[in-house]
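Enquirer: Protein sequence lines, in the order shown, are assigned to chains A and B.
FYI, the numbering for the first sequence is 1 to 471, going by this note's numbering.
FYI, the numbering for the second sequence is 1 to 445, going by this note's numbering.
Because the hints were derived from the structure by calculation, they are not lab data.
Accuracy of the hints is not assured; some may be wrong.
Straight-line distance between alpha carbons at most 25 Å, and here's what the computed SDA-like set of lysine to any residue pairs gives [what the hints assert, rightly or not]:
{"id": "1", "chain 1": "A", "residue 1": "Lys22", "chain 2": "B", "residue 2": "Glu303"}
{"id": "2", "chain 1": "A", "residue 1": "Lys401", "chain 2": "B", "residue 2": "Ile322"}
{"id": "3", "chain 1": "A", "residue 1": "Lys401", "chain 2": "B", "residue 2": "Gly93"}
{"id": "4", "chain 1": "A", "residue 1": "Lys22", "chain 2": "A", "residue 2": "Leu38"}
{"id": "5", "chain 1": "A", "residue 1": "Lys22", "chain 2": "B", "residue 2": "Gln316"}
{"id": "6", "chain 1": "A", "residue 1": "Lys401", "chain 2": "A", "residue 2": "Gln455"}
{"id": "7", "chain 1": "A", "residue 1": "Lys22", "chain 2": "A", "residue 2": "Gln360"}
{"id": "8", "chain 1": "A", "residue 1": "Lys22", "chain 2": "B", "residue 2": "Arg309"}
{"id": "9", "chain 1": "A", "residue 1": "Lys401", "chain 2": "B", "residue 2": "Tyr104"}
{"id": "10", "chain 1": "A", "residue 1": "Lys22", "chain 2": "A", "residue 2": "Pro33"}
{"id": "11", "chain 1": "A", "residue 1": "Lys22", "chain 2": "B", "residue 2": "Leu205"}
{"id": "12", "chain 1": "A", "residue 1": "Lys22", "chain 2": "B", "residue 2": "Ala192"}
{"id": "13", "chain 1": "A", "residue 1": "Lys22", "chain 2": "A", "residue 2": "Asp11"}
{"id": "14", "chain 1": "A", "residue 1": "Lys22", "chain 2": "B", "residue 2": "Gly130"}
{"id": "15", "chain 1": "A", "residue 1": "Lys401", "chain 2": "B", "residue 2": "Arg94"}
{"id": "16", "chain 1": "A", "residue 1": "Lys401", "chain 2": "B", "residue 2": "Asp89"}
{"id": "17", "chain 1": "A", "residue 1": "Lys22", "chain 2": "B", "residue 2": "Arg326"}
{"id": "18", "chain 1": "A", "residue 1": "Lys22", "chain 2": "B", "residue 2": "Gly307"}
{"id": "19", "chain 1": "A", "residue 1": "Lys401", "chain 2": "A", "residue 2": "Ala434"}
{"id": "20", "chain 1": "A", "residue 1": "Lys22", "chain 2": "B", "residue 2": "Ser306"}
{"id": "21", "chain 1": "A", "residue 1": "Lys401", "chain 2": "A", "residue 2": "Gln467"}
{"id": "22", "chain 1": "A", "residue 1": "Lys401", "chain 2": "A", "residue 2": "Glu439"}
{"id": "23", "chain 1": "A", "residue 1": "Lys401", "chain 2": "B", "residue 2": "Pro85"}
{"id": "24", "chain 1": "A", "residue 1": "Lys401", "chain 2": "B", "residue 2": "Gly353"}
{"id": "25", "chain 1": "A", "residue 1": "Lys22", "chain 2": "B", "residue 2": "Val87"}
{"id": "26", "chain 1": "A", "residue 1": "Lys22", "chain 2": "B", "residue 2": "Asp352"}
{"id": "27", "chain 1": "A", "residue 1": "Lys22", "chain 2": "B", "residue 2": "His321"}
{"id": "28", "chain 1": "A", "residue 1": "Lys22", "chain 2": "A", "residue 2": "Thr9"}
{"id": "29", "chain 1": "A", "residue 1": "Lys401", "chain 2": "B", "residue 2": "Asp352"}
{"id": "30", "chain 1": "A", "residue 1": "Lys401", "chain 2": "B", "residue 2": "Glu325"}
{"id": "31", "chain 1": "A", "residue 1": "Lys401", "chain 2": "A", "residue 2": "Asp470"}
{"id": "32", "chain 1": "A", "residue 1": "Lys401", "chain 2": "A", "residue 2": "Gly379"}
{"id": "33", "chain 1": "A", "residue 1": "Lys22", "chain 2": "A", "residue 2": "Met1"}
{"id": "34", "chain 1": "A", "residue 1": "Lys22", "chain 2": "B", "residue 2": "Arg323"}
{"id": "35", "chain 1": "A", "residue 1": "Lys401", "chain 2": "B", "residue 2": "His321"}
{"id": "36", "chain 1": "A", "residue 1": "Lys401", "chain 2": "B", "residue 2": "Thr72"}
{"id": "37", "chain 1": "A", "residue 1": "Lys401", "chain 2": "A", "residue 2": "Lys22"}
Label-pair distances were calculated between CB atoms; the ranges are [as the list claims (entries may be wrong)]:
{"id": "38", "chain 1": "B", "residue 1": "Asp206", "chain 2": "A", "residue 2": "Asp310", "range": "29 to 37 Å"}
{"id": "39", "chain 1": "B", "residue 1": "Asp238", "chain 2": "A", "residue 2": "Asp310", "range": "55 to 63 Å"}
{"id": "40", "chain 1": "B", "residue 1": "Asp235", "chain 2": "A", "residue 2": "Glu25", "range": "29 to 37 Å"}
All C-beta atoms in this analysis are idealised placements derived from N, C-alpha and C, irrespective of residue type, glycine included.
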Amino acid sequence: MNYAQARWTDDDDRYEPLLSEKSSETVSTEDGPLPDDLTRDSLTLPDVSEPELARHYTRLSQTNYGVESGPFPLGSCTMKYNPSFTEDLAASPDAAVHPDQPTETTQGTLELLYRLQDYLGRIGGMDAVSLQPPAGAAGEFAGILVAKAYHEHNGEDRSEVLIPESAHGTNFASAAMAGYDVVSLAGDDDGRVDLDALEAAVGEETAALMLTNPNTLGLFERDIEAIAAIVHDAGGLLYYDGANLNALLGRARPGDMGFDVMHYNVHKTFATPHGGGGPGAGPIGVTDDLAPFLPAPRVAESRGGYEYVDPDRSIGKVHGFYGNWPVLLKAYAYIARLGDAGLADASAKAVLNANYLAEQIDYEIPFGPFHHEFVASAGEQDAADVAKRMLDYGVHPPTTKWPEIVPEALMTEPTEAESRRTLDQLAAAFDAVAGESDETLASAPESTAARRIDQVRAAREPRLSWQSLDE
Amino acid sequence: MSEDDSRGTPYAPHTAATTAAMLDAVGVDSEAALFDIPESVAFDADFDIPERSERETRSHVEEILGRNDDLTAFLGRGHYDHYVPSVVDDLAGRSEFLTSYTQYQPEIAQGFLQALFEYQSMLVELTGLGVANCSMYDAATALGEAATLSQRLRSVSGDRVLVPDLLRAGKRAVLDNYAGGPGLTVETYPTADGNVDLDALRGALDDDVAMVYAENPTVRGTIEEGLAAVGDAADAHDALFCLGTDPVAMALLEPPASVGADVVVGDASSLGTGTAYGFGLGLFVTREAYLRQVPGRLVGAAEDDSGRRAYTLTLQTREQHIRRERATSNICTNQAWVALRAAMHAAWLGPDGLVDLAESCVTRARDLAARIDEISGVRAPVHDRHHFREFVAHTDQPAEAIRADLAEEGYAVHAVGDHEIQICATETTERAVDGFVDALAEVAR
Ligand SMILES: Cc1ncc(COP(=O)(O)O)c(C=O)c1O
Chain A
1 MNYAQARWTD DDDRYEPLLS EKSSETVSTE DGPLPDDLTR DSLTLPDVSE PELARHYTRL
61 SQTNYGVESG PFPLGSCTMK YNPSFTEDLA ASPDAAVHPD QPTETTQGTL ELLYRLQDYL
121 GRIGGMDAVS LQPPAGAAGE FAGILVAKAY HEHNGEDRSE VLIPESAHGT NFASAAMAGY
181 DVVSLAGDDD GRVDLDALEA AVGEETAALM LTNPNTLGLF ERDIEAIAAI VHDAGGLLYY
241 DGANLNALLG RARPGDMGFD VMHYNVHKTF ATPHGGGGPG AGPIGVTDDL APFLPAPRVA
301 ESRGGYEYVD PDRSIGKVHG FYGNWPVLLK AYAYIARLGD AGLADASAKA VLNANYLAEQ
361 IDYEIPFGPF HHEFVASAGE QDAADVAKRM LDYGVHPPTT KWPEIVPEAL MTEPTEAESR
421 RTLDQLAAAF DAVAGESDET LASAPESTAA RRIDQVRAAR EPRLSWQSLD E
Chain B
1 MSEDDSRGTP YAPHTAATTA AMLDAVGVDS EAALFDIPES VAFDADFDIP ERSERETRSH
61 VEEILGRNDD LTAFLGRGHY DHYVPSVVDD LAGRSEFLTS YTQYQPEIAQ GFLQALFEYQ
121 SMLVELTGLG VANCSMYDAA TALGEAATLS QRLRSVSGDR VLVPDLLRAG KRAVLDNYAG
181 GPGLTVETYP TADGNVDLDA LRGALDDDVA MVYAENPTVR GTIEEGLAAV GDAADAHDAL
241 FCLGTDPVAM ALLEPPASVG ADVVVGDASS LGTGTAYGFG LGLFVTREAY LRQVPGRLVG
301 AAEDDSGRRA YTLTLQTREQ HIRRERATSN ICTNQAWVAL RAAMHAAWLG PDGLVDLAES
361 CVTRARDLAA RIDEISGVRA PVHDRHHFRE FVAHTDQPAE AIRADLAEEG YAVHAVGDHE
421 IQICATETTE RAVDGFVDAL AEVAR
């Protein structure tokens, strides 16, 4: 595929200037309604007209690549198509309510949240759901706090959380934030949890094992029942990282596998747009035993309507208000649109696409059978360079260099949204790059708005604002 | 594409024929054969979720949302409604922005990176501090992150965090959860007539305090008058001074750096988003000296191979995907798109517009309080302070009854004490003010 991203270069031989370089103004705040000692003296900010503003951001958007621009097989991120109609619903004036409005006047919002709690519970096989956490990592933090509160309630002081080495960085960080020591578990030769290593690691100190299933290699942890038994026998809980739930919709549920607590990655599985880094939402689901500890508040039915209740032994709050409401609304709309058949089909097509794409590419894929994503190895090539070069073929590259168990990893998740023809183009991009020299790769990309960026220097000499550019 | 056709997800392009051909290419005869799930944990029931056409789904969701009452909300306390210009929706809604993700490949994501760099820069201007990250989830989690930052800094010791007694309960509850992991204890210090009680704060301070938190404006809308002294008091005990505020307020009030703030947190969604049920944008700005300890993503200027200035996520060794359990935070997905919107809105306003907006927050609150003070059975404002956007009024009648009666009349206010209601006024409630004052006069008697 031929590709050239928009590239705006101005006379000073730089790309689209900063707003501050276009026009900046200093205004005095004197003679305002407050005494001078309570105010600043002046404020300097960009000062552009609306037409200039529109052009600035339109140009910036043209130098940005999204799911609607082309394939986006960023592994672990589930960059599926984000249905437009959910944006309209989120923009509805009826959705614009203030969080402190009394609940008897926000019954629509509560009903929608209640229904979402219910749907998510059914999808995950969980007894109770909280919608409060504003992202996956926040869900992990909340879920681990729930586990901690549960143990403490039972008079147990456990200090460790076990996490497979191949897990996402947030798992480690979330457990540590909750005050736990992290014990990292090496995997077995097949890329799954090593039961012997797990047996050796669990014990009285084990508060929980955090697991992604399918794991970050796309592999289903076939021994999940044995894993659950080992953890439960030691008195620990099993935490499910829902980042990869798009592989399992309608085919398997964390609750049925023995998981006690999970988060849903709403912006992945349920197609809410990732917004250049966020917002997301990370609701958590738990079994009945853990329900009393869920974050506050939850929506419950009451006298023909809905109300908020704080679970009896709630861990408290993880968001200042009620979580990322517009994101939750969009997720509900997506689930309500697809229903049983659509959700199961989404997973089926996501898994089919990953398997089909894997079949077409020249890079080696050491582990399988995989589901919605696979991790190929760039072999002798540098995975980061491979990714840069793929940009020149008009596709977004995979996630690179993670999980580390695969050398020069190319973690690839095409999602259900791609057609066979697009997958063929994607495969062609992989294969073209596979045959190219290190020099070609090192000088890539050429077709993007900016050429290869010197990240080392950016980190060594941080310039994090336009104010710092003149220094 | 037929509306009522149902053959699975409408968001996958496969026809039966391509599916068959793809299965063939993979070498299996069914989709089911692709799943490596042991029988014993397989799910073979239904969720019992009906599928709907897009039209049906829209009506279904609209019908549910329609059950929200149409109230004019004079509400604030951390979530504010300012008019968002159409151009923000239009530009932020461009799919290149909306459907992109974290800029792991900066060369193809310059647009969003530059927009976030501009957002960071605006916050640097507003705060006077050197480093702004490109978002936390909301004000409450940003405050939690500030507390853990204070604990990581070697220049700060101790394990107590001091917050005002008037702190919003939800924010406090989130802070407690963030503080618990690293073993910090959160304690309150008293306020006097709405603002920090400086003497009481000094009394509560000791060398075991890691961070002092104050807000400007406060949750009751009062404007602080002695923040520099708060900063000095914290400093005297090597405690971090964390200030909670928002970008509109900062356009007018004393810049946080000049009162000695070490960290600025708050909710920046007051620009660009409007009322969205508490959906936030956690701002996080701090001193350059703490750069290596900052949570969240940072965008930096860089150079590309053509020698031109470009942008990239930087200093990522602080973050969870590299540093894991030693990361400065667990945050990954953040509120980048909300930050984009806030930056667009600020740029649309420009410095004049932003200062005007901030000044109107002072005068609207002042004027409305004066009008309400005329009503018999109501005294406003309760605090003898300057106010920003909102203020507390005393009511002779029980506040809860006033709140409920006003709701009947189509207006929402906060009941914040037995005989105290809180009222927030911005440009979006302008046309409702007369009716509101009449209604209050009616119910407050
Ligand atoms: C496997 C896995 N777990 C957890 C997360 C964290 O989720 P979030 O980014 O929503 O905080 C991610 C996301 O990137 C992930 O891929």
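Enquirer: Each of the hints needs a verdict: does it hold here or not?
Expert: Now the hints, each set against the structure:
1. A:Lys22 / B:Glu303: Distance of about 20 Å is within 25 Å: holds.
2. A:Lys401 / B:Ile322: Holds: Lys401 (chain A) and Ile322 (chain B) sit about 11 Å apart, inside 25 Å.
3. A:Lys401 / B:Gly93: 32 Å, violated
4. A:Lys22 / A:Leu38: It is violated: about 31 Å lies between the C-alpha atoms, which goes past 25 Å.
5. A:Lys22 / B:Gln316: 30 Å, violated
6. A:Lys401 / A:Gln455: 16 Å, holds
7. A:Lys22 / A:Gln360: Judged against 25 Å, a Cα distance of about 48 Å means the pair is violated.
8. A:Lys22 / B:Arg309: 15 Å, holds
9. A:Lys401 / B:Tyr104: Distance ~12 Å between Lys401 (chain A) and Tyr104 (chain B) Cα, so the pair holds.
10. A:Lys22 / A:Pro33: At roughly 31 Å apart (the allowed maximum being 25 Å), Pro33 (chain A) and Lys22 (chain A) break the hint.
11. A:Lys22 / B:Leu205: With a Cα-Cα distance of about 47 Å, the restraint between Lys22 (chain A) and Leu205 (chain B) is violated, given a limit of 25 Å.
12. A:Lys22 / B:Ala192: The given pair, whose Cα atoms are some 46 Å apart, is violated under the 25 Å limit.
13. A:Lys22 / A:Asp11: Given that 25 Å is the threshold and the Cα spacing comes to 13 Å, the pair holds.
14. A:Lys22 / B:Gly130: OK: Lys22 (chain A) and Gly130 (chain B) at ~22 Å, within 25 Å.
15. A:Lys401 / B:Arg94: With Cα atoms ~31 Å apart, Lys401 (chain A) and Arg94 (chain B) exceed 25 Å; violated.
16. A:Lys401 / B:Asp89: The hint is violated at about 36 Å.
17. A:Lys22 / B:Arg326: Measuring from Cα to Cα gives roughly 41 Å; hence the hint is violated.
18. A:Lys22 / B:Gly307: Answer holds: Lys22 (chain A) to Gly307 (chain B) is near 21 Å, not above 25 Å.
19. A:Lys401 / A:Ala434: 16 Å, holds
20. A:Lys22 / B:Ser306: 22 Å, holds
21. A:Lys401 / A:Gln467: With Cα atoms ~34 Å apart, Lys401 (chain A) and Gln467 (chain A) exceed 25 Å; violated.
22. A:Lys401 / A:Glu439: Given pair Lys401 (chain A), Glu439 (chain A) holds - Cα atoms ~20 Å apart, limit 25 Å.
23. A:Lys401 / B:Pro85: Outside the cut-off at roughly 42 Å; violated.
24. A:Lys401 / B:Gly353: 46 Å, violated
25. A:Lys22 / B:Val87: 19 Å, holds
26. A:Lys22 / B:Asp352: 16 Å, holds
27. A:Lys22 / B:His321: 36 Å, violated
28. A:Lys22 / A:Thr9: 14 Å, holds
29. A:Lys401 / B:Asp352: This hinted pair is violated, its Cα atoms lying about 47 Å apart.
30. A:Lys401 / B:Glu325: Holds, at roughly 19 Å.
31. A:Lys401 / A:Asp470: Cα-Cα ~35 Å, so violated.
32. A:Lys401 / A:Gly379: 11 Å, holds
33. A:Lys22 / A:Met1: 36 Å, violated
34. A:Lys22 / B:Arg323: Answer violated: Lys22 (chain A) to Arg323 (chain B) is near 38 Å, above 25 Å.
35. A:Lys401 / B:His321: 11 Å, holds
36. A:Lys401 / B:Thr72: With Cα atoms ~52 Å apart, Lys401 (chain A) and Thr72 (chain B) exceed 25 Å; violated.
37. A:Lys401 / A:Lys22: Between Lys401 (chain A) and Lys22 (chain A) the Cα gap is close to 39 Å, so the pair fails against 25 Å, i.e. violated.
38. B:Asp206 / A:Asp310: 29 to 37 Å: Holds, since Asp206 (chain B) and Asp310 (chain A) (Cβ atoms, about 33 Å apart) stay within the stated range.
39. B:Asp238 / A:Asp310: 55 to 63 Å: With a Cβ separation near 37 Å, Asp238 (chain B) and Asp310 (chain A) fall outside 55 to 63 Å, so the hint is violated.
40. B:Asp235 / A:Glu25: 29 to 37 Å: 34 Å, holds
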